[in-house]
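Take the two lone chains, each set in its own frame, and fit them into one complex as the hints suggest.
So the sequence lines, in the order shown, correspond to chains X and U.
Each residue of the first sequence is one higher than the last, beginning at 1 in this note's numbering.
Each residue of the second sequence is one higher than the last, beginning at 1 in this note's numbering.
Hint data in this document are derived by calculation from the structure and do not stem from the laboratory.
Be aware that a few hints might be false.
As the list claims (entries may be wrong) - The calculated DSS-like cross-link candidates involving lysine-lysine, where the alpha carbons are at most 27 Å apart (straight line), are:
(1) U/Lys56 <-> U/Lys42
(2) X/Lys44 <-> U/Lys70
(3) U/Lys67 <-> X/Lys44
(4) U/Lys42 <-> X/Lys14
(5) U/Lys70 <-> U/Lys56
(6) X/Lys44 <-> X/Lys57
(7) U/Lys2 <-> X/Lys44
(8) U/Lys2 <-> U/Lys42
(9) U/Lys42 <-> X/Lys44
(10) X/Lys44 <-> X/Lys14
(11) X/Lys57 <-> X/Lys9
(12) U/Lys67 <-> U/Lys56
(13) X/Lys9 <-> U/Lys42
(14) U/Lys2 <-> U/Lys67
(15) X/Lys57 <-> U/Lys2
(16) X/Lys57 <-> X/Lys14
(17) U/Lys2 <-> U/Lys70
(18) U/Lys2 <-> U/Lys56
(19) X/Lys57 <-> U/Lys42
(20) X/Lys44 <-> X/Lys9
The structure displayed is predicted, hence computed values, not measured ones.
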Amino acid sequence: NAGVTQTPKFRILKIGQSMTLQCTQDMNHNYMYWYRQDPGMGLKLIYYSVGAGITDKGEVPNGYNVSRSTTEDFPLRLELAAPSQTSVYFCASSYITSGAQETQYFGPGTRLLVL
Amino acid sequence: QKEVEQDPGPLSVPEGAIVSLNCTYSNSAFQYFMWYRQYSRKGPELLMYTYSSGNKEDGRFTAQVDKSSKYISLFIRDSQPSDSATYLCAMSSGADSGNTPLVFGKGTRLSVIA
Chain X
1 NAGVTQTPKF
11 RILKIGQSMT
21 LQCTQDMNHN
31 YMYWYRQDPG
41 MGLKLIYYSV
51 GAGITDKGEV
61 PNGYNVSRST
71 TEDFPLRLEL
81 AAPSQTSVYF
91 CASSYITSGA
101 QETQYFGPGT
111 RLLVL
Chain U
1 QKEVEQDPGP
11 LSVPEGAIVS
21 LNCTYSNSAF
31 QYFMWYRQYS
41 RKGPELLMYT
51 YSSGNKEDGR
61 FTAQVDKSSK
71 YISLFIRDSQ
81 PSDSATYLCA
91 MSSGADSGNT
101 PLVFGKGTRL
111 SVIA
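Next comes chain U alone, as it looks inside the complex (with noise of 0.2 Å):
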C-alpha cells in the first residue's frame, strides 16, 4: 500500500458546483495535512494547511482532517473557472518527529467548466 493515496481523476465540473478532493494515507505518524495548488505549466503553491485533526476554512476552500480514517478532504464552494488545475495532497511527520519530507500524493487534476 502507498504511503499517500490520492485519485489522479481527472474530474470535470460546472461553475458554481462543490468539489471534493481526496486522500487517504497509512503512516499514523503525520500530523500536519497540506494542499498546494499546481497550475498547468507552473510549480506548486501552498493552498491549506492542517494540523492534525479538525477543519480548517479559508474563502471558498475547506480542509478537513480525520485522523482516525486517515482521510483528509479540500472541499471547493462555488467553483470557478480560474479553480481549474491540479491539486496536491502533502502531509508529515513535523520536525519533532525526525522531520522526513513531505509526502506527496499523485495529484487530482480539476476542470471547471464556464
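Same shape as in the complex, but just chain X (with noise of 0.2 Å):
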C-alpha cells in the first residue's frame, strides 16, 4: 500500500491564480481530510468528507473547495490564491466505524507559496 499520496509536492502560485492539490488513498477509507499547517500554529481543518459525495467544512474552509466523487481522491481546490494562503497541506484519511477509535493517516505534505 503506498498510503496517502499527495501531489505536487511544492508549487509557487502568483496572486489570483487557482490551483488542485491532488490527494489520493489506497487504504479504502471512509473519512478524508485537508488540513494546512502555519509555523507554530498547529493543524487546521480546511475540509472533510465522510464518504463519496459527502464533504463538510472545518475550521478554516474560507478559500477552499473541495468533491470527493471517489473512495480514493479527495482534490482541494484553490480558487484566487491569496498569500495567506501560503502554507503547507496535508491531506489524511481514516476508517471510521461505530465503536472504533480514529487513526489518522497522513501524506506528505504539499508546500504552497504564493507571492
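The following block contains the structure:
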C-alpha cells in the first residue's frame, strides 16, 4: 500500500491564480481530511469528507473547495490564490466505525507559496 | 479558552533525559487521546493512543490520561537524538458521540542534543 499520496510536493502560485492539490489513498478509508499547517500554529482543518459525495467544512474553509467523487480521491481546489494561503497542506484519511478509535494517516504534504 | 492547549516549546534536552510533554483540554466528551510525531518536512504519524483514563506504555514511550483534570501527558525515557521532532496531541469524542473530527494541539517542538 502506498498509503496517502499528495501531489505536487511544492508549488509557487501568483496572486489570483488557481490550482488543485491532489490527494489519493489506497486503504479504502471512508473519511478524508484536508489540513493546513502554518509555523507554530498546529493543524487547522479545512474540509473533510465522510464518504464519496459527502463533504463538510472544517475550521478554515474560506477560499477553498473540495469534492469527493470516489472513495480514493479528495482534491482541494484554490480558486483565487492569496498570500494568506501560503502554507503546508496535509491530506489525511481514516477508517471510522462505531465504537472504534480514529487513527488518521497523513500524506507527505504540499508546500504552497503564493507571491 | 481553546479546546486543546499545548505548550509549543521549543524544548531542548540532553540525550538520555526524560521528556514530559503535556496537553490540557476543555471538552469533557473527549475519550480518545492520541500523540502524533512529526519530523521536519514530513506528515504527522501516530505514535500512541489511549482510550479514556489510564496509562499506556510502548517501549520508551508512556502516555497518560487524567480525565478528571482534563490533562494528558507523553513521557519519553532515555531520549535519543532521533526523537527530535514536533509532538502533537490529538483527541476526539469518538464515533459513538457524533464523530466530530480530531482536535489537535499546536504541537511541541523537541530537540534532543547528543
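So, going through the hints one by one against the coordinates:
{"no.": "1", "hint": "U/Lys56 <-> U/Lys42", "result": "holds, 26 Å"}
{"no.": "2", "hint": "X/Lys44 <-> U/Lys70", "result": "holds, 22 Å"}
{"no.": "3", "hint": "U/Lys67 <-> X/Lys44", "result": "holds, 24 Å"}
{"no.": "4", "hint": "U/Lys42 <-> X/Lys14", "result": "holds, 25 Å"}
{"no.": "5", "hint": "U/Lys70 <-> U/Lys56", "result": "holds, 17 Å"}
{"no.": "6", "hint": "X/Lys44 <-> X/Lys57", "result": "holds, 11 Å"}
{"no.": "7", "hint": "U/Lys2 <-> X/Lys44", "result": "holds, 13 Å"}
{"no.": "8", "hint": "U/Lys2 <-> U/Lys42", "result": "holds, 26 Å"}
{"no.": "9", "hint": "U/Lys42 <-> X/Lys44", "result": "holds, 16 Å"}
{"no.": "10", "hint": "X/Lys44 <-> X/Lys14", "result": "holds, 23 Å"}
{"no.": "11", "hint": "X/Lys57 <-> X/Lys9", "result": "holds, 24 Å"}
{"no.": "12", "hint": "U/Lys67 <-> U/Lys56", "result": "holds, 14 Å"}
{"no.": "13", "hint": "X/Lys9 <-> U/Lys42", "result": "holds, 11 Å"}
{"no.": "14", "hint": "U/Lys2 <-> U/Lys67", "result": "holds, 17 Å"}
{"no.": "15", "hint": "X/Lys57 <-> U/Lys2", "result": "holds, 19 Å"}
{"no.": "16", "hint": "X/Lys57 <-> X/Lys14", "result": "holds, 26 Å"}
{"no.": "17", "hint": "U/Lys2 <-> U/Lys70", "result": "holds, 13 Å"}
{"no.": "18", "hint": "U/Lys2 <-> U/Lys56", "result": "holds, 26 Å"}
{"no.": "19", "hint": "X/Lys57 <-> U/Lys42", "result": "holds, 25 Å"}
{"no.": "20", "hint": "X/Lys44 <-> X/Lys9", "result": "holds, 19 Å"}
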